[in-house]
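Be aware that the sequence shown starts at 1, since it is given in the UniProt record's numbering, and climbs by one per residue.
Calculated from the structure, these hints are not laboratory results. Incorrect hints may have been included.
When the alpha-carbon atoms are kept at most 20 Å apart in a straight line, the in silico PhoX-like pairs for lysine-lysine are as follows [stated by the list, open to error]:
no. : residue 1 : residue 2
1   : K309      : K455
2   : K370      : K408
3   : K782      : K769
4   : K219      : K406
5   : K284      : K228
6   : K756      : K730
7   : K309      : K335
8   : K309      : K181
9   : K228      : K202
10  : K805      : K247
11  : K202      : K181
12  : K408      : K309
13  : K94       : K131
14  : K287      : K228
15  : K740      : K769
16  : K782      : K605
17  : K309      : K228
Just so we're clear, the structure is a prediction, and the values are computed from it rather than from any experiment.
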Amino acid sequence: MTKSKQKYAVIDLEATGASIMAQIIQVGIVIIQGDKIIETYQTDVNPHEPLSEHIVQLTGITDQQLAKAPDFSQVAREIYELIEDCVFVAHNVKFDANLLSEQLFMEGFELRPPRVDTVELAQVFFPSMEKYSLGELTRALDIPLEDAHTAIADAQATAQLFFKIRDKMASLPSLTLEKIKSYADHLIFESRLLIDEVALDKDYDHSLYQEVAGILIRKPQLEEEEKKFSQDFTTNMALLGLDSRPKQELFAQAILQEEKEIHFIQAQAGIGKTYGYLVPLLAKNEKQRLIISVPTKLLQDQIVTQEAKKIHEVFGTAYQSLKGPANYLKLDAFKASLDQDDDNRLLNRYKMQLLVWLLETQDGDLNEIKQQQRLQWYFDSLQHDGELSAHSLFAQDDFWLRSYEKAKSSRLLITNHAYLLTRLEDDPSLIEGGHLVIDEAQKFFLTLEDFSHAKVNLLETLTQLESMLEETDQLLTRRLIESLQFELSHLVVDYHQSKEELVPNDKWQKIRRDIVELNHPDLEALNKIADRRYDSIWIDSRQENEKRSVYLKGASQLLLDFSPFLPENQKTSFVSATLSISPQVSLPQLLGFSDYQETIIEDSKNVDQAIWIDSQGVPPALSGEDYHRELANKIYRLSQLNLPTLVLFTSKDTLEQVSNHLQEAGLSHLAQGKNGSSHQMKRRFEAEESAILLGTGSFWEGVDFTNHDQLLLVITRLPFENPQDFLNQKMTNRLSQEGKNPFTAYSLPVMMMRLKQALGRTSRRPNQKSAALILDTRLLEKSYGPSSLEILRKTHQVWIEKNDKILSDILDFLL
Numbered sequence: 001m002t003k004s005k006q007k008y009a010v011i012d013l014e015a016t017g018a019s020i021m022a023q024i025i026q027v028g029i030v031i032i033q034g035d036k037i038i039e040t041y042q043t044d045v046n047p048h049e050p051l052s053e054h055i056v057q058l059t060g061i062t063d064q065q066l067a068k069a070p071d072f073s074q075v076a077r078e079i080y081e082l083i084e085d086c087v088f089v090a091h092n093v094k095f096d097a098n099l100l101s102e103q104l105f106m107e108g109f110e111l112r113p114p115r116v117d118t119v120e121l122a123q124v125f126f127p128s129m130e131k132y133s134l135g136e137l138t139r140a141l142d143i144p145l146e147d148a149h150t151a152i153a154d155a156q157a158t159a160q161l162f163f164k165i166r167d168k169m170a171s172l173p174s175l176t177l178e179k180i181k182s183y184a185d186h187l188i189f190e191s192r193l194l195i196d197e198v199a200l201d202k203d204y205d206h207s208l209y210q211e212v213a214g215i216l217i218r219k220p221q222l223e224e225e226e227k228k229f230s231q232d233f234t235t236n237m238a239l240l241g242l243d244s245r246p247k248q249e250l251f252a253q254a255i256l257q258e259e260k261e262i263h264f265i266q267a268q269a270g271i272g273k274t275y276g277y278l279v280p281l282l283a284k285n286e287k288q289r290l291i292i293s294v295p296t297k298l299l300q301d302q303i304v305t306q307e308a309k310k311i312h313e314v315f316g317t318a319y320q321s322l323k324g325p326a327n328y329l330k331l332d333a334f335k336a337s338l339d340q341d342d343d344n345r346l347l348n349r350y351k352m353q354l355l356v357w358l359l360e361t362q363d364g365d366l367n368e369i370k371q372q373q374r375l376q377w378y379f380d381s382l383q384h385d386g387e388l389s390a391h392s393l394f395a396q397d398d399f400w401l402r403s404y405e406k407a408k409s410s411r412l413l414i415t416n417h418a419y420l421l422t423r424l425e426d427d428p429s430l431i432e433g434g435h436l437v438i439d440e441a442q443k444f445f446l447t448l449e450d451f452s453h454a455k456v457n458l459l460e461t462l463t464q465l466e467s468m469l470e471e472t473d474q475l476l477t478r479r480l481i482e483s484l485q486f487e488l489s490h491l492v493v494d495y496h497q498s499k500e501e502l503v504p505n506d507k508w509q510k511i512r513r514d515i516v517e518l519n520h521p522d523l524e525a526l527n528k529i530a531d532r533r534y535d536s537i538w539i540d541s542r543q544e545n546e547k548r549s550v551y552l553k554g555a556s557q558l559l560l561d562f563s564p565f566l567p568e569n570q571k572t573s574f575v576s577a578t579l580s581i582s583p584q585v586s587l588p589q590l591l592g593f594s595d596y597q598e599t600i601i602e603d604s605k606n607v608d609q610a611i612w613i614d615s616q617g618v619p620p621a622l623s624g625e626d627y628h629r630e631l632a633n634k635i636y637r638l639s640q641l642n643l644p645t646l647v648l649f650t651s652k653d654t655l656e657q658v659s660n661h662l663q664e665a666g667l668s669h670l671a672q673g674k675n676g677s678s679h680q681m682k683r684r685f686e687a688e689e690s691a692i693l694l695g696t697g698s699f700w701e702g703v704d705f706t707n708h709d710q711l712l713l714v715i716t717r718l719p720f721e722n723p724q725d726f727l728n729q730k731m732t733n734r735l736s737q738e739g740k741n742p743f744t745a746y747s748l749p750v751m752m753m754r755l756k757q758a759l760g761r762t763s764r765r766p767n768q769k770s771a772a773l774i775l776d777t778r779l780l781e782k783s784y785g786p787s788s789l790e791i792l793r794k795t796h797q798v799w800i801e802k803n804d805k806i807l808s809d810i811l812d813f814l815l
């Protein structure tokens, strides 16, 4: 790296607000030359106006303190003379540079320095960060930052960040850095000045990287030899630095009791089931592969980054996460994008960011890049499509194929239910000879049901039919395409006009005959839905990537069995918090098994989690706007407890409306769908970026919260399934035909099962206390209330109280 004679002024300002009209109240400056800080400067500034309460709380600066400070006019000259020959450096340089230049200009000093922004440089050279605030970066990079939001402390931390960025640049091989320099003019400010200082004389480490088509990528890591596990569970847990728990030990013993190949195990949430099956099954047979399937990609990533990583660090066990191809970067697509000239600044910054990321990633999993949403279409264009030409320059280094190959040799595979079913349909050998564990097996049944559906994007299909019509001259083919266009278009129009979802059978049979007769190979999804096993056809509409998609969906009235998916003599353990949905319906039965072993580990009283039912709660019968406003009022009052609070909703629309009300009230919070993906939301909540998280979907069953010692869980509404849901209707018809009550045999117990799963999300480890508050008043008003409360009382302390009393009691319990 060349020793720069250039001086850099790292500057942070505190001001009365965030606009250009704000007044400076504090200045912090750190002067850097070469590798050293050569001077520092700090001063308060009297703005001659009172500070807002927000600024006082943020900075700790008071009106009394500033009353003794000099006016800006008194310090303007010394500030100008200190920095006039420097490059202006700041974190979010636009604000600081514009505000300081404007105030200096008013005093007769013209400042027009080159500007370097540590935010955009950090985004390029630390590509896997989720947020690039100064606080987040200093935590991640171990930079001291005491007295945050005081000018000199922030300036000193930014100076250390400046050094970290420069060191990272200097560590990069010249081949990558040269490519980055070719895009550096697209940075918003003159940040490329820092990049240009780095000499292009560093060859790459051939043991770490390989060059493919002019791009450097990290070589696959060589696996170390696996160490032997102890045959004693508690010893293995101690080696992992963990204490085993009595219920966890019982579960670990149960998972090994394989009297039959199919084994169902019931154990309550929060006992440490993940280590409870991973450790004993890996220890039992060092030659046997272990395949773990969980409900969501979020939970899959959680196991990979926590339990699997920890076991690998201690025992050297090779592991691999199995996902669909769209999760991986397609190197051919990225190379094409590099060769394409683009004017979009953000797109070019992402190109630079990905070049650095390729030196770091082992898997090429695009989920490692956390800020895709700002240019999602670009990342969509880089997703692997599952196709790879034999002539591809990256044929030997393709991330998706590398993942597939690594999966064959890894002892531990982690996947999700949806991808497992997709792979088993094509390649049952994936699990052959291994031990398969289906975690959260009650969710697996729902995934299996979704898998048995067929769906067609109607708008995309209509566009495809139009293209086909232009390309064919055959009269019969043209008539069939035109007929399909007419019928499918009418389905869309009828749906939008009447909201009628179910397609009448006579209309569907006409469409089906056209599809079968046309039998065009490019209409794969349409051909599939025309299969006779799909005896129910309906229209569904959903919001996707800022546009509304309309789908034609098909399903069978018969339940799909899982047993035919499994190879012969396949050892499979199904783990669930409940195996018996009701006395009339069991999980093994729903999955199509008749010959199986069942082990039940009795639930114990959870003394670290208690449940409150708000007797003055929010009745679901309230009209929409009143319901949303009342929920928001309740959450606002709960915020006064200053506790990490997870609020669960059963409807995305309700979540958004409540979020809007909280925003109007000025309450800071994270809202799913508004503040990032489920992965991002969880990380930001656990990093204590916000004390309140509004979630739905996977937050009910697929996410564990372990970072906080105390947590408040709010259930806004009992999680009954939508009565219009196809599976719900299917179960209702089936149970009615069998002479059973669908509500008591299926709907109510499934709701209770989902509620218990939600309670388990915030009760995951010893010494973690959580309080659950249920706002839905139906537990106190409906005939099923007493029996439901009795189920909850078997495992929890349950209190029914008014809101004011609840607040004080929750604090007493948690603190």
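(request) Check each numbered hint against the structure and report the violated ones by number, ascending. (result) 1, 2, 3, 6, 7, 8, 9, 10, 15 and 16
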